[in-house]
Amino acid sequence: MNFVGSHILSVSQFDRRAVERVFDVADQMLPYAHRQLVTRVLEGAILGNMFFEPSTRTRVSFGSAWNLLGGEVRETTEIKASAIAKGESFYDTARVLSGYSDVIVMRHQQEGSVDEFAIASRVPVINGGDGANEHPSQALLDLYTIRKEMTDRGKDIDGLRIALVGDLRYGRAVHSLCKLLSLYSDLHFTLVSPPELSLSKDYIDGIKSAGHEVIESDELHSGIRHADILYVTRTQEERFPSQAEADRYKGLFRLNQSIYTEYCEPNTVIMHPLPRDSRGNANELDNDLNENPNLAIFRQTDNGVLVRMALFALILDVVDKVGATATKVSWYTAKRF
Amino acid sequence: MNFVGSHILSVSQFDRRAVERVFDVADQMLPYAHRQLVTRVLEGAILGNMFFEPSTRTRVSFGSAWNLLGGEVRETTEIKASAIAKGESFYDTARVLSGYSDVIVMRHQQEGSVDEFAIASRVPVINGGDGANEHPSQALLDLYTIRKEMTDRGKDIDGLRIALVGDLRYGRAVHSLCKLLSLYSDLHFTLVSPPELSLSKDYIDGIKSAGHEVIESDELHSGIRHADILYVTRTQEERFPSQAEADRYKGLFRLNQSIYTEYCEPNTVIMHPLPRDSRGNANELDNDLNENPNLAIFRQTDNGVLVRMALFALILDVVDKVGATATKVSWYTAKRF
Amino acid sequence: MNFVGSHILSVSQFDRRAVERVFDVADQMLPYAHRQLVTRVLEGAILGNMFFEPSTRTRVSFGSAWNLLGGEVRETTEIKASAIAKGESFYDTARVLSGYSDVIVMRHQQEGSVDEFAIASRVPVINGGDGANEHPSQALLDLYTIRKEMTDRGKDIDGLRIALVGDLRYGRAVHSLCKLLSLYSDLHFTLVSPPELSLSKDYIDGIKSAGHEVIESDELHSGIRHADILYVTRTQEERFPSQAEADRYKGLFRLNQSIYTEYCEPNTVIMHPLPRDSRGNANELDNDLNENPNLAIFRQTDNGVLVRMALFALILDVVDKVGATATKVSWYTAKRF
Numbered sequence: 001m002n003f004v005g006s007h008i009l010s011v012s013q014f015d016r017r018a019v020e021r022v023f024d025v026a027d028q029m030l031p032y033a034h035r036q037l038v039t040r041v042l043e044g045a046i047l048g049n050m051f052f053e054p055s056t057r058t059r060v061s062f063g064s065a066w067n068l069l070g071g072e073v074r075e076t077t078e079i080k081a082s083a084i085a086k087g088e089s090f091y092d093t094a095r096v097l098s099g100y101s102d103v104i105v106m107r108h109q110q111e112g113s114v115d116e117f118a119i120a121s122r123v124p125v126i127n128g129g130d131g132a133n134e135h136p137s138q139a140l141l142d143l144y145t146i147r148k149e150m151t152d153r154g155k156d157i158d159g160l161r162i163a164l165v166g167d168l169r170y171g172r173a174v175h176s177l178c179k180l181l182s183l184y185s186d187l188h189f190t191l192v193s194p195p196e197l198s199l200s201k202d203y204i205d206g207i208k209s210a211g212h213e214v215i216e217s218d219e220l221h222s223g224i225r226h227a228d229i230l231y232v233t234r235t236q237e238e239r240f241p242s243q244a245e246a247d248r249y250k251g252l253f254r255l256n257q258s259i260y261t262e263y264c265e266p267n268t269v270i271m272h273p274l275p276r277d278s279r280g281n282a283n284e285l286d287n288d289l290n291e292n293p294n295l296a297i298f299r300q301t302d303n304g305v306l307v308r309m310a311l312f313a314l315i316l317d318v319v320d321k322v323g324a325t326a327t328k329v330s331w332y333t334a335k336r337f
Numbered sequence: 001m002n003f004v005g006s007h008i009l010s011v012s013q014f015d016r017r018a019v020e021r022v023f024d025v026a027d028q029m030l031p032y033a034h035r036q037l038v039t040r041v042l043e044g045a046i047l048g049n050m051f052f053e054p055s056t057r058t059r060v061s062f063g064s065a066w067n068l069l070g071g072e073v074r075e076t077t078e079i080k081a082s083a084i085a086k087g088e089s090f091y092d093t094a095r096v097l098s099g100y101s102d103v104i105v106m107r108h109q110q111e112g113s114v115d116e117f118a119i120a121s122r123v124p125v126i127n128g129g130d131g132a133n134e135h136p137s138q139a140l141l142d143l144y145t146i147r148k149e150m151t152d153r154g155k156d157i158d159g160l161r162i163a164l165v166g167d168l169r170y171g172r173a174v175h176s177l178c179k180l181l182s183l184y185s186d187l188h189f190t191l192v193s194p195p196e197l198s199l200s201k202d203y204i205d206g207i208k209s210a211g212h213e214v215i216e217s218d219e220l221h222s223g224i225r226h227a228d229i230l231y232v233t234r235t236q237e238e239r240f241p242s243q244a245e246a247d248r249y250k251g252l253f254r255l256n257q258s259i260y261t262e263y264c265e266p267n268t269v270i271m272h273p274l275p276r277d278s279r280g281n282a283n284e285l286d287n288d289l290n291e292n293p294n295l296a297i298f299r300q301t302d303n304g305v306l307v308r309m310a311l312f313a314l315i316l317d318v319v320d321k322v323g324a325t326a327t328k329v330s331w332y333t334a335k336r337f
Numbered sequence: 001m002n003f004v005g006s007h008i009l010s011v012s013q014f015d016r017r018a019v020e021r022v023f024d025v026a027d028q029m030l031p032y033a034h035r036q037l038v039t040r041v042l043e044g045a046i047l048g049n050m051f052f053e054p055s056t057r058t059r060v061s062f063g064s065a066w067n068l069l070g071g072e073v074r075e076t077t078e079i080k081a082s083a084i085a086k087g088e089s090f091y092d093t094a095r096v097l098s099g100y101s102d103v104i105v106m107r108h109q110q111e112g113s114v115d116e117f118a119i120a121s122r123v124p125v126i127n128g129g130d131g132a133n134e135h136p137s138q139a140l141l142d143l144y145t146i147r148k149e150m151t152d153r154g155k156d157i158d159g160l161r162i163a164l165v166g167d168l169r170y171g172r173a174v175h176s177l178c179k180l181l182s183l184y185s186d187l188h189f190t191l192v193s194p195p196e197l198s199l200s201k202d203y204i205d206g207i208k209s210a211g212h213e214v215i216e217s218d219e220l221h222s223g224i225r226h227a228d229i230l231y232v233t234r235t236q237e238e239r240f241p242s243q244a245e246a247d248r249y250k251g252l253f254r255l256n257q258s259i260y261t262e263y264c265e266p267n268t269v270i271m272h273p274l275p276r277d278s279r280g281n282a283n284e285l286d287n288d289l290n291e292n293p294n295l296a297i298f299r300q301t302d303n304g305v306l307v308r309m310a311l312f313a314l315i316l317d318v319v320d321k322v323g324a325t326a327t328k329v330s331w332y333t334a335k336r337f
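Residue numbers (my numbering), protein chains in the order written: chain A, 1 to 337; chain B, 1 to 337; chain C, 1 to 337.
Chain A with its partners taken away, still in its complex shape:
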């Protein structure tokens, strides 16, 4: 895969080598994200951060990643007042907006919208999430986190034992992660969900045909035994036909410290694509896990900045130039990481 000038629309674009390339560059971004060094490599470059579906976390993460490389961000945070609402085609929107920036990150609730947009755009487009379809940078940051956590524990992604827990039917993050994980060797998937929210047969077949083991379960305690990684998800209530329907599945699988202690191995890593639903009727990942050093959920979001910096640097072909303008940070920096 040649990154320079290319769109990032789907995890399907990535082979194992491309994934590793992103991760190696992400590793290089650490001193910048940790506020040890400042680079100005993209000084004067403009990101069009076009979120036609609102989002705080992903939008700010992409914007900060761009800022950390020295560039400026122009932003849209909703569709309400956009020309799309006045009957403008994605083609026109893309042609116009691509005249204002060097890269565009786009989120839109309509599946396939970002692909359509990218065809007409004159600058590289990154899919920031198109409905239930794709959100490739989320999958990349999840896999990058898995790699880091495993390396810290003397292990590798090959041979990994992962338990996916919760709403596996509607969880976009789970689907994309499964695709990327399938690029590796000899993985063991345990899928823990209510039968109605199980991972679709297509995804399971894809995993199996890539040579991995899949076990399905509707029982939390047995499902999470022997896992290296627990990947827990919230009930994607916004994708259910009704709130009542969604509420039936909330709170079915709740992980807390005592269950963790009883059923998990000592170093099992806990992940979640966030936000976790901390309301009483949901609470799939209890707050009493917050001091557990194996809770990696905030390392995931921190890693998201690294992965997004890497994508920008690769697309704009500045990987080797990042360090050339580096200076030491001269202000107080919190010990955040």
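Hints in this document: simulated from the structure, not taken from any laboratory. Computed from a predicted model, the values in this text were never measured in an experiment. Note that beta-carbon positions come from the ideal geometry of N, C-alpha and C, so glycine has one too. Any given hint could be a false lead.
[Said to hold, decoys possible] For each label pair, taking beta carbons as the anchor points, the in silico distance ranges come out as:
no., chain 1, residue 1, chain 2, residue 2, range
1, B, Pro-31, A, Ala-324, 44 to 54 Å
2, B, Pro-31, C, Asp-286, 46 to 56 Å
3, C, Ser-217, B, Pro-241, 50 to 60 Å
4, A, Gly-323, B, Pro-31, 20 to 30 Å
[What the hints assert, rightly or not] 20 Å max Cα-Cα, derived DMTMM-like pairs, lysine to aspartate or glutamate:
no., chain 1, residue 1, chain 2, residue 2
5, A, Lys-328, C, Asp-320
6, B, Lys-86, C, Glu-53
7, A, Lys-328, C, Asp-317
8, A, Lys-335, C, Asp-317
9, B, Lys-80, C, Glu-78
10, C, Lys-335, B, Asp-317
[As the list claims (entries may be wrong)] One-sided and incomplete, this derived list gives chain B residues near chain A with beta-carbon spacing under 7 Å:
no., residue
11, Gly-63
12, Phe-298
13, Thr-301
14, Trp-331
Since the structure of chain A is provided, determine the placement of chains B and C on it from the hints.
Leaving out everything else, chains B and C in the frame of chain A:
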């Protein structure tokens, strides 16, 4: 006209010499907008991009133009939560906000609001659109585009034959463009609209008294013959008393490639202030024109960045300093233009 | 008080020495805010300007202050689409967002929310207003303005005679200002309000126990005699049980030029936390005062930028480095101040 420190509120401020000055500076901005060079001439300067009426295109265009000169942008994207909604006068809003930035671009749906704001502002104000009244940078970018397209075809604005098509009654862009065109010599206007949406007598009288020819028509095919420029507009449905009323006029004049081929001269330039309404019942400019090299609608929006950069540089008196800090762009740049 | 790396959550954190330190640094920020000098001391630093309750003035003021120090701003302008609305805890939001920036300014309508957020944040947090509770930078800019205006008139804060006028019950700005003023010596407070909107006994006791004089009045003319400072407030209608209830108190105390001339001393300073309500039924501070040189309301908002720059510089420990990167402004600057 002295640009330094002045407000840009109306096309009426401009004489032909002032227009030409803007265009000359806009020409100089090309290597920056095309990402060949980076300038930091406004590094440390702040734009207050105050859109009290939502807009994506114009807002991002102004913001990007400012960023391309090296400055920072602070932004408002709607009026809902502003102090104006709590009974604050434009006077107070202007006095306060002008303490936060070096230039303010303001859009507000109320006609005359930006004039009122500018009186109290302590920094230069650019009208980014005040209801059906004025939107001077749009008219300037349209005229700049006409000049460029004519020059490319070995012609000039003087002597131009232009057909204005569609909703000429409510189209703010058309009104302002007519005023600017009237500064030139010996133009031939063909006004193509349903009688109910014709250009008002005041505007027609203004054009005629400036010595130009005006022909009115309610028939597309004959109206577009012999034109150098076709300026097509959408039905401004948001200004009609009702949606049903607006829908009566949608789709009356539709330009597509076969009509173009049959009735237009080979190099007739097609313009549109955008967004074009690509829904089936409107579609005033068909997508089958997208590959027609004479379709200049995206060159218009690209030119908007140049014209807005020029206005900023003129108002802040940095035209001669832009090049002093210029460096070559070191990242991948798409062949966009 | 050690500023470096600390949160700014409440005026209660400040003793007189800390206040004076902020003001001394604010004084040093003047040439940057007045666009005589540009500093890049925070180049590469990112502010998370997280306004979960909308605001134009405060949000843009904080953002501009950060930009004037050379940093970048990432922003949220409402809560609607945030993860908080999907059941995310402040703990999680804080942990995630603090991975994206160097400092966070947060506004949220829920009292105590910013405290909760700060506990989990890995970077310093400034309270930009949490409901009716605290808004410390507003109180600091008010006191800074009082100091400046008094100094200009050959006086000091010690011994000050101040009249607080209007809705003293719901006015958050008044409450915090009273706390800060209480740090000084021998002040004379006149509290002018309808009995139902009087300052609560707790605040009055606090002022008195700090050794100051308090006189209560429900009559404007006598209340404003002999004051050095008039601090006028609007009826905080959004905090009343109903609009009808709020409307009963609007317009009860209206200061205009003729009342000022008749009852105030010649150099009495007029302040207001803004926005002033200029609608006919309210109009607590008439527009005919706009040319009165003692009207300090826009000097207040200008001072807000200085005070916020000072807080940022102190928290990030760059006070002594601001000047090191200073260059002269090379663009046209309006005589704004």
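To see whether the hints hold, each was checked on the structure:
| no. | hint | verdict |
| --- | --- | --- |
| 1 | Pro-31(B) <-> Ala-324(A): 44 to 54 Å | violated (22 Å) |
| 2 | Pro-31(B) <-> Asp-286(C): 46 to 56 Å | holds (53 Å) |
| 3 | Ser-217(C) <-> Pro-241(B): 50 to 60 Å | holds (53 Å) |
| 4 | Gly-323(A) <-> Pro-31(B): 20 to 30 Å | holds (27 Å) |
| 5 | Lys-328(A) <-> Asp-320(C) | holds (17 Å) |
| 6 | Lys-86(B) <-> Glu-53(C) | holds (15 Å) |
| 7 | Lys-328(A) <-> Asp-317(C) | holds (15 Å) |
| 8 | Lys-335(A) <-> Asp-317(C) | holds (15 Å) |
| 9 | Lys-80(B) <-> Glu-78(C) | holds (11 Å) |
| 10 | Lys-335(C) <-> Asp-317(B) | holds (15 Å) |
| 11 | Gly-63 | holds (5 Å) |
| 12 | Phe-298 | holds (5 Å) |
| 13 | Thr-301 | holds (5 Å) |
| 14 | Trp-331 | holds (4 Å) |
When held up to the earlier numbered hints, the structure conflicts with hint 1 and nothing else.
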